[in-house]
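**Q** Read off the chains here:
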Amino acid sequence: MECQDCHKRPATVHFSQSINGNKTEIHVCEVCAKENGYMPYQEEGYGLHHLITDLFNIDSAITGAQGSKQQFKQIQETKCPQCGMGLSEFKRIGKFGCASCYETFSSRLDPIFRRVHSGNTKHFGKIPKRRGGDLRKRKELDAYKEELDRLIKEEAFEEAAEVRDKIKALKGGSETGEKE
Amino acid sequence: MTLQHFMKEAISPWMRDEGPDSDIVLSSRIRLARNFSDISFPLAGNKEKLQEIRQFFQNKYEHESFQDYEDFALLSMEDLTAVEKRVLVEKHLISPHLAKNQHAGAALISQNEQVSIMVNEEDHIRLQLYFPGFQLTEALEKAFELDDWLEEKIDYAFDETRGYLTSCPTNVGTGMRASVMMHLPALAMTKQINRMIPSINQLGLVVRGIYGEGSEARGSIFQISNQITLGITEEDIIGDLRGVVKQLIEHERKARTRLMEQSGKQLEDRIHRSYGVLEHSRIIESKEAAICLSNVRLGIDLGMIEQVSRNILNELVILTQPGFLQQYAEKTLSASERDELRATLIRERLQLEK
Ligand SMILES: [Zn+2]
Ligand SMILES: [Zn+2]
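So the sequences go chain by chain: D and E.
Under this note's numbering, the residue at position 80 of the first sequence is numbered 80, and the numbers go up by one with no gaps.
Under this note's numbering, the residue at position 28 of the second sequence is numbered 28, and the numbers go up by one with no gaps.
Take the hints with a grain of salt, since some may be wrong.
[What the hints assert, rightly or not] Straight-line C-alpha distance at most 20 Å; calculated EDC-like pairs for lysine to aspartate or glutamate:
1) D:Lys122 with E:Glu160
2) D:Lys139 with E:Glu235
3) D:Lys129 with E:Glu151
4) D:Lys139 with E:Asp148
5) D:Lys139 with E:Glu160
6) D:Lys129 with E:Glu235
7) D:Lys129 with E:Asp148
8) D:Lys129 with E:Asp38
9) D:Lys129 with E:Glu152
10) D:Lys129 with E:Asp155
11) D:Lys122 with E:Glu235
12) E:Lys287 with D:Glu30
13) E:Lys100 with D:Glu158
14) D:Lys139 with E:Asp236
15) D:Lys137 with E:Asp159
16) D:Lys122 with E:Asp159
17) D:Lys137 with E:Asp148
18) D:Lys129 with E:Glu145
19) D:Lys8 with E:Glu337
20) D:Lys137 with E:Glu152
21) D:Lys137 with E:Glu160
22) E:Lys60 with E:Glu151
Hint data in this document are derived by calculation from the structure and do not stem from the laboratory.
Keep in mind that this is a model prediction, so the values were computed, not measured.
Given only the sequences and the hints, what does the whole structure look like? Please build it.
**A** In structure tokens form, the structure reads like this:
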């Protein structure tokens, strides 16, 4: 069958489309399919699942050498208690099934994150306002404490006193940390 | 449908405004990926739960307003035809992934189409916000405010060490993808862009030719975005991106000046020929249209073409894509029918300028 679009190449992409209720069969070649947007253009086309599979393969090549006991353990794979995703499925699709997967596979994640996020494994950035209220406060406190130490070292006592007041206010008041 | 009416629907209201550096930067976008904490992600979620999420968005946010983003409309994917979805993709209001999708997909879109919140895409929530021109800082600020607004009613999946938890490991942490759409005809013509891309990549940023492969061939429109989302703050990501965009703007301006100095007549010839093609052709392929539109837009920016408005590139690049053409025709079109309609639309659109 030839491509119905260019009439040159053979049709390799087949599907039906319905427009205003009319179903149409579409048979096009890959080039025309791309041209017309029938093919998904990949937003994050980095072959991530290959990367993850590779990482796991290296991983099991190392552990596999330690004997069959370990390998047996791997066959009875860990499954995520919330969504039921197993390690092999995660390896295959390269995506998490739910938030709990992060805990389930936590011992495996650092090498993946390091590869994908150029060496990083920990979040620095926005913290949810409501849900992360406590964490927000703690991070803010840490930052103030660091500043305080620095100021004391520099013997900038006046500024240090100001920072100490801020720390007091943050520890004491519940809402004070919200707005500066 | 008249052309004017059709175009009015085709062009998002926010695109009519000119932002800073809009001779080179077409738009700035922030996208945040978020999930509900105790519901499995769409790929593993059960249908009813995902329906509940969509229902939640319908109940809580449909027809709501937040600041300038008024009267959110909720579009359920299964209520739309293939062409309607395609058009939303071409307007960048939804992703191809959502259009193709599965269960309970929806998009919550503000009246001015500046904000689109995709529901049950790869993540439960993909919040996107567009600004015209080069306005990354402003876009980030507003995206955070919108994020806080959603968070008032939603428990996000968030982990102290890993940050915002997403379905794909490439998005974890900030969940943020910031991107800038740039028109870089002089850097593309002189092939300088090819030399610059590797060093941009080293900064953890990605450059893509936006409407397909082969840069100059597709209207010299490039998208620059961050790749890393973990271990770096949103502000720092934006800072790096801003730095690169500023440099690209500078290089593009220099390259334009040099082109004018060294081969001004040839450039002028090329621009006016392209204008001629757009004004008179009866059949035009999308590739040729994209090249000509890019040249004409450059001609406008350089003051060689005065009677045409600047927005023409953004507008016609979107309008002449297959989804829009078929929506305009209200039927499926073959490639040759599309090429004819494309030429007609462009001619008529240029007529409107007179
Ligand atoms: Zn074909
Ligand atoms: Zn899970």
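**Q** Now tell me, hint by hint, if it's right for this structure.
**A** Verification of the supplied hints:
| no. | hint | in the structure |
| --- | --- | --- |
| 1 | D:Lys122 with E:Glu160 | holds, 9 Å |
| 2 | D:Lys139 with E:Glu235 | holds, 17 Å |
| 3 | D:Lys129 with E:Glu151 | holds, 7 Å |
| 4 | D:Lys139 with E:Asp148 | holds, 18 Å |
| 5 | D:Lys139 with E:Glu160 | holds, 11 Å |
| 6 | D:Lys129 with E:Glu235 | holds, 17 Å |
| 7 | D:Lys129 with E:Asp148 | holds, 7 Å |
| 8 | D:Lys129 with E:Asp38 | holds, 18 Å |
| 9 | D:Lys129 with E:Glu152 | holds, 8 Å |
| 10 | D:Lys129 with E:Asp155 | holds, 10 Å |
| 11 | D:Lys122 with E:Glu235 | holds, 16 Å |
| 12 | E:Lys287 with D:Glu30 | holds, 17 Å |
| 13 | E:Lys100 with D:Glu158 | violated, 62 Å |
| 14 | D:Lys139 with E:Asp236 | holds, 18 Å |
| 15 | D:Lys137 with E:Asp159 | holds, 15 Å |
| 16 | D:Lys122 with E:Asp159 | holds, 10 Å |
| 17 | D:Lys137 with E:Asp148 | holds, 17 Å |
| 18 | D:Lys129 with E:Glu145 | holds, 11 Å |
| 19 | D:Lys8 with E:Glu337 | holds, 17 Å |
| 20 | D:Lys137 with E:Glu152 | holds, 18 Å |
| 21 | D:Lys137 with E:Glu160 | holds, 13 Å |
| 22 | E:Lys60 with E:Glu151 | holds, 12 Å |
Checked against the numbered hints above, the structure violates only hint 13.
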